[in-house]
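Student: As a plain string of letters, each chain reads:
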Amino acid sequence: MKTQLPHKESVTQEELVLNLGPQHPSTHGVFRMVLDLRGEMIVGVTPHMGYLHRGFEKLAERRTAVQYQPYPDRWDYLAAMFDEMAYIGAGEALLGIEAPKRAQVLRGIVMELNRLASHLLWLGTFLLDVGALSPFLYTFREREMILDLLMELTGARLTYSYLRFGGMTHDADETWLKKLGAGVPYFRQRLKEYRMLIDDNAIFRKRVEKIGIISGSTAIRYGLGGPMLRASGVSWDLRRNRPYGIYRDVSTPVVTQEAGDTWARYVVRMDEMAVSLDLLEIFLDLIPQGPLNAKVPKNIKFPDQETYFAVEGPRGELGVYLVGDGSVHAKRMKIRPPSLFNLQALSQLLVGSMVSDAIAILGSVDIVLGEVDR
Amino acid sequence: MKTLIIAVLVGMVIPGIAAFLLWYERRLLARLQVRMGPNRVGPQGLWQSLADIIKLLSKTDTMPKTAHPWLFRLAPVMAFSPVFVAFAALPQIDPGLNIGILYLTAVLSLEVLSILAAAMGSHSKYALLGGLRASAQMVSYEVPLTLALIGPAMAAGSLNLSVIASSQHPLPYLLTQPLGAIGFFIAAMAEAHRPPFDLSEAESELVAGYHVEYSGVRFALFVVSEYAHLLLLSWLMAVVFLGGGAAWMIALKIMAVVSIIIWLRATMPRIRADQLMALGWKILIPLTSLNLIWIVAWNL
Numbered sequence: 001m002k003t004q005l006p007h008k009e010s011v012t013q014e015e016l017v018l019n020l021g022p023q024h025p026s027t028h029g030v031f032r033m034v035l036d037l038r039g040e041m042i043v044g045v046t047p048h049m050g051y052l053h054r055g056f057e058k059l060a061e062r063r064t065a066v067q068y069q070p071y072p073d074r075w076d077y078l079a080a081m082f083d084e085m086a087y088i089g090a091g092e093a094l095l096g097i098e099a100p101k102r103a104q105v106l107r108g109i110v111m112e113l114n115r116l117a118s119h120l121l122w123l124g125t126f127l128l129d130v131g132a133l134s135p136f137l138y139t140f141r142e143r144e145m146i147l148d149l150l151m152e153l154t155g156a157r158l159t160y161s162y163l164r165f166g167g168m169t170h171d172a173d174e175t176w177l178k179k180l181g182a183g184v185p186y187f188r189q190r191l192k193e194y195r196m197l198i199d200d201n202a203i204f205r206k207r208v209e210k211i212g213i214i215s216g217s218t219a220i221r222y223g224l225g226g227p228m229l230r231a232s233g234v235s236w237d238l239r240r241n242r243p244y245g246i247y248r249d250v251s252t253p254v255v256t257q258e259a260g261d262t263w264a265r266y267v268v269r270m271d272e273m274a275v276s277l278d279l280l281e282i283f284l285d286l287i288p289q290g291p292l293n294a295k296v297p298k299n300i301k302f303p304d305q306e307t308y309f310a311v312e313g314p315r316g317e318l319g320v321y322l323v324g325d326g327s328v329h330a331k332r333m334k335i336r337p338p339s340l341f342n343l344q345a346l347s348q349l350l351v352g353s354m355v356s357d358a359i360a361i362l363g364s365v366d367i368v369l370g371e372v373d374r
Numbered sequence: 001m002k003t004l005i006i007a008v009l010v011g012m013v014i015p016g017i018a019a020f021l022l023w024y025e026r027r028l029l030a031r032l033q034v035r036m037g038p039n040r041v042g043p044q045g046l047w048q049s050l051a052d053i054i055k056l057l058s059k060t061d062t063m064p065k066t067a068h069p070w071l072f073r074l075a076p077v078m079a080f081s082p083v084f085v086a087f088a089a090l091p092q093i094d095p096g097l098n099i100g101i102l103y104l105t106a107v108l109s110l111e112v113l114s115i116l117a118a119a120m121g122s123h124s125k126y127a128l129l130g131g132l133r134a135s136a137q138m139v140s141y142e143v144p145l146t147l148a149l150i151g152p153a154m155a156a157g158s159l160n161l162s163v164i165a166s167s168q169h170p171l172p173y174l175l176t177q178p179l180g181a182i183g184f185f186i187a188a189m190a191e192a193h194r195p196p197f198d199l200s201e202a203e204s205e206l207v208a209g210y211h212v213e214y215s216g217v218r219f220a221l222f223v224v225s226e227y228a229h230l231l232l233l234s235w236l237m238a239v240v241f242l243g244g245g246a247a248w249m250i251a252l253k254i255m256a257v258v259s260i261i262i263w264l265r266a267t268m269p270r271i272r273a274d275q276l277m278a279l280g281w282k283i284l285i286p287l288t289s290l291n292l293i294w295i296v297a298w299n300l
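The listed protein sequences derive, respectively, from chains D and G.
This note's numbering puts the first sequence at residues 1 to 374.
This note's numbering puts the second sequence at residues 1 to 300.
Hints in this document: simulated from the structure, not taken from any laboratory.
Take these hints with a grain of salt, some might be off.
To be verified - The list that follows gives simulated cross-link-like pairs (lysine to any residue, SDA-like), each with its CA atoms no further than 20 Å apart:
1. D:Lys210 with G:Gly16
2. D:Lys334 with D:Gly50
3. D:Lys210 with G:Met277
4. D:Lys206 with G:Thr267
5. G:Lys125 with D:Gly44
6. G:Lys125 with D:Tyr68
7. D:Lys58 with D:Tyr68
8. D:Lys210 with G:Gln275
9. D:Lys192 with G:Lys125
10. G:Lys125 with D:Met41
Said to hold, decoys possible - From chain G, some residues computed to sit far from chain D (all C-beta separations above 12 Å):
11. Gln33
12. Ile99
13. Val139
14. Ala251
Claimed, not checked - Simulated restraints on C-beta separations:
15. G:Trp263 with D:Asp285: 42 to 48 Å
16. G:Val77 with D:Gly55: 48 to 54 Å
17. G:Lys59 with D:Lys58: 41 to 47 Å
18. D:Arg195 with G:Pro286: 30 to 36 Å
19. D:Met196 with G:Val296: 40 to 46 Å
20. D:Gly181 with G:Pro286: 52 to 58 Å
21. D:Arg195 with G:His169: 44 to 50 Å
22. D:Ser215 with G:Asp61: 51 to 57 Å
Here a beta-carbon is modelled for each residue, glycine too, at the ideal position from N, C-alpha and C.
Isolated chain G, as found in the complex (with noise of 0.2 Å):
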């Protein structure tokens, strides 16, 4: 029962916080651009996303006549369950599930699928591609992530999350183990498709990419999946690497590593697929590697 609440209150209360992040974004990268943002909605332009939603949810459900009929509908879905799935080993939800990591990197793994499915069943060359490039990345980013993860992991000796944030506790693992945190900063951003690592809906070139063909309710779940990873990823950054700790504290944690993601954005042209390649591979990858032969060597 008590879990039946806890995961109504996450599917509630998740894409607000979502949401939230996408209006928080917008009015951030505004002011790095010169410019107002979103703020006729409520105070401060609090309420856009609200208005977004709704707008969104209203709108004609259109798919067009070539797509693959249950392969469009279910992308949308499967691109929403694995990201609020992977909420449910975060401490402040479950602190008992003893298999953090290893559920987090099983689950959060599937996400590929969603884009595949969707660049698949749109139809469209544009779609296409851009699911072929978010496929590549996604596979090959992975890697590093777990690499990454496997750290802090290997330090605490558990691979619960909680334990992992209590056992950080005279310095967090983001001066310990450096290497490790900034290799999981990038590879989190590419994962989430953050700009500049955005390629697989390089505006400029794929129009949108994965999803060029949707619009309404479906368009609307890529976009809560979108910032829910988002704030999945800084999550777990603000528990792994920067030492957990209440409530306030990870929310505080949270915002300054969304606040630097986005700030990344304003200031970063787009990478292209086969530089994000060869970082992935021959700079993110040895560098993690090397992070973990660190800490065999500090705890020898």
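So that you can see chain D by itself, here it is in the shape it has in the complex (with noise of 0.2 Å):
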């Protein structure tokens, strides 16, 4: 991606280079960026990841699968709902277990309240990267009612452990229910408050239209997920596409924009918090009486198999590979992280672009670090 200046003989010019990050406060954590930059050009780019490598997936290996179930949260730990889904949905898919369906309807609820909450933390801290202060407060206040209700329901406010091969820790009581019912609508109304102030804001528009332009042919081909892909044009949406859970008996609505810039990403963002909250609704009304969890043998032994189980997290595809020895083990996991695949198409992205545009890109791919390096 390294472009060379032209050489002259009077003045000696060179490309500044700038070290953003691990310890900058736009990186979203320990994402370290080198850019090559000729004046608030940028004109190269090379990412550096790995400062948060926890070995989460060989220790899969060494922990057993029941012993391996808190793991999954500290994966992605803005959404840790997806992750516990997507190693508890291969577990199950390996060990052919299904979760009975009110522990399938109350799985759907927590995934689109988590999904809610790690939108809600993306879009504050992506204004704070435009340089707009406020938001950032509002959101949070409303993300705290969301871990509010999860902590209710789990104990924890991001590291839940709530599921479990076939089944939940918890049953949901119905005081539970009837407050979520009761927080939709005031999301609702939050959501129509967020876009009013901020939609319009000229010098917003000015800041994140036509920057990070990325075609929905070149998004494919970079393997990139969730709304990321989605603002490209391309309707693409695990919920639908590959069903799994409570989502095969629902129709989840798509929400695409074709501009596939930063504007684009993020109206893609606040109309899929939309979705989540008709979704939540519709859950509510689905959710049966009945057991929370399935006949499990009392000690999982992963067969000799393999096995694929992807979700579509707040993120994009967050997928599983496990494959199983008949031990206690796994013999092999393998993660598919969203977030580290977005991150690929990154200097795509950004030549071409100033530092202020860098960091509003970097904030609209929308990176956990913690699931990039896992």
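Using the supplied hints, reconstruct the complex from the two chains, each of which is provided in its own coordinate frame.
Tutor: Encoded structure:
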């Protein structure tokens, strides 16, 4: 991606190499990129990852299937339910267990709640990257309410360890479901407020429109997922295209935008929050009475088979490739983290834009380093 | 002797007012952002700025090894002095200064030197980028600022600020020269690096811009000079466009202007460097020039 500057006899020109991260406030954790700058224009990007590598794939080979259950929460700590669902779902597929209907609906509920919380955090930090201070505090107010709900249900704010093979740990009681039912219209109101405050802000529009453009075909070639892909006009959502759990029973509307720029990614995520609220209402109507846990063998052993199970996380396709060998450990586990794949398009997105755009574009990619580095 | 006393008083009082503005901004911004703001030190957290200043003064004086030794030390002082010297032109401090506007624009344009010194002296790429942005910004926004100030001077027929203040009697220049007032307000915000024009210290991009390497008392000097700059420009706005008046009227008008500036900070994202330049050269300069034509036509 490096381009050579024209050589001039009288003046020596060289590119300014700017090291952005891992301690920079806007790299959303410990991501580091080395930018080659010509003035404020970016001519080259070298991303460096791995500062948060904790060896989660290897750990799956050293812990038993049950012991490993709390670990997925730590991959993507902002949307831990999806990681749990990916791991538990892959395990269930290997073991041939199907969770009861009530557990499946409840999984749908907690996942959509978690998607809302994750998107709210993204919204706040993205606007912080663009330079607006206030939305961050507004979205955290709402996110805190969601975390309170999840804490009441699971006992934890971020790392829930809520899903189990064949079911869940705790059941949701009627008061909790009622509280959630009352929360949905409240959040819908808030979402409208956000869009009213942010959408037509002239400076915001000028800052995010027509930067970081990626076309649909390029997005597919890079293997992008989630809002990154849908903002480029590709209508692909695992909840509809490869449904799992309760999503097999409901039809999920897929939000797309054509432009493929940072603004389109913003719009897609905002609309997705509205979709999540609609889904929550549907799930609340669907939730049946009945058992929460399926019959599961006392000692869980992954059979000598392999499987790939993917869920539509807030950042894209979050998949777990799980190989068993008849023992209590996984023989091998591979995670497909959506953030890492989305990050691969970085040089495509950044080269040719300015430093301030780079921060806005990186914000719109919505990376979580815990997931990128695992 | 009298001048000396006034100078000492200004030197004592202005940092105090700047500290008050700092507290006021933090409280008001907090209310706009659904949080409390500093409310522990003193009544309503009023002594928070004082506590911060004491903390900053008692910090170890650190300096990067690679920094330019005297440029680095000089920069905060260079940021501090032009703003404080500029207060001398204000009618409440020296009503007799006949070249008020000329003096102000001349002194305020020295401000850019301090930023360049900090940027070059820090030996940091973030500081350099911030400094380059800031100097481009200040040099180009000085033009609309001066053009906007010429309007009232032409209408009043004097460069003396107290004459300008007293000559807007039935109507303040805000109403008779709205274009100039708007141009001045925006240019002043850009001049004082207020958000949304704070891209020289853009926290999310350049961490802290030109003062990224500064800490302790040198950092405090930058902050105090920034808030003194805010005070100066709000004061100027109150005198030149809002009709001046008695001391309490001036104070009220300054607070109104400062409140609007803080409100804008809570509402706006940061503008990009090239968009900032476009705004300055393509919108503000034509706007303020139009204001001059308007005054000429008015007085024909």
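Student: For Val77 (chain G) and Gly55 (chain D), compare the CB-CB distance with the range 48 to 54 Å and indicate the outcome.
Tutor: holds (52 Å)
Student: Is 40 to 46 Å a correct range for the gap between the Cβ atoms of Met196 (chain D) and Val296 (chain G)?
Tutor: For Val296 (chain G) against Met196 (chain D), whose Cβ atoms are near 43 Å apart, the range 40 to 46 Å holds.
Student: Between Lys58 (chain D) and Tyr68 (chain D), is the straight-line Cα distance small enough, at 20 Å or below?
Tutor: Holds, because 11 Å separates the two Cα atoms, which is no more than 20 Å.
Student: At the C-beta level, are Ser215 (chain D) and Asp61 (chain G) separated by a distance inside 51 to 57 Å?
Tutor: holds (53 Å)
Student: Has the given pair, Lys210 (chain D) with Gly16 (chain G), been kept, meaning a C-alpha gap of at most 20 Å?
Tutor: Not satisfied, since the Cα-Cα distance of roughly 45 Å exceeds 20 Å.
Student: Is the hinted pair Lys192 (chain D) and Lys125 (chain G) satisfied, with a Cα-Cα distance of at most 20 Å?
Tutor: violated (41 Å)
Student: Quick one: are Gly181 (chain D) and Pro286 (chain G) within 52 to 58 Å, going by C-beta?
Tutor: Holds: the Cβ-Cβ distance is about 56 Å, inside 52 to 58 Å.
Student: Gln33 (chain G) clear of chain D by more than 12 Å, beta carbon to beta carbon?
Tutor: It is violated; Gln33 (chain G) is separated from chain D by about 4 Å at its closest Cβ, not greater than 12 Å.
Student: Kindly confirm whether 41 to 47 Å is satisfied by the beta carbon distance between Lys59 (chain G) and Lys58 (chain D).
Tutor: This hint holds: roughly 44 Å between Cβ atoms.
Student: Assuming the hint says 42 to 48 Å, is it satisfied by the Cβ distance from Trp263 (chain G) to Asp285 (chain D) or not?
Tutor: Given range 42 to 48 Å: holds, Cβ gap about 43 Å.
Student: Is Lys210 (chain D) within 20 Å of Met277 (chain G), Cα to Cα?
Tutor: At roughly 19 Å apart (the allowed maximum being 20 Å), Met277 (chain G) and Lys210 (chain D) satisfy the hint.
Student: Starting from Lys125 (chain G), check that the Cα of Gly44 (chain D) is at most 20 Å away, please.
Tutor: Distance of about 16 Å is within 20 Å: holds.
Hint compliance for this structure: hints 1, 6, 9 and 11 are not met, and every other hint is.
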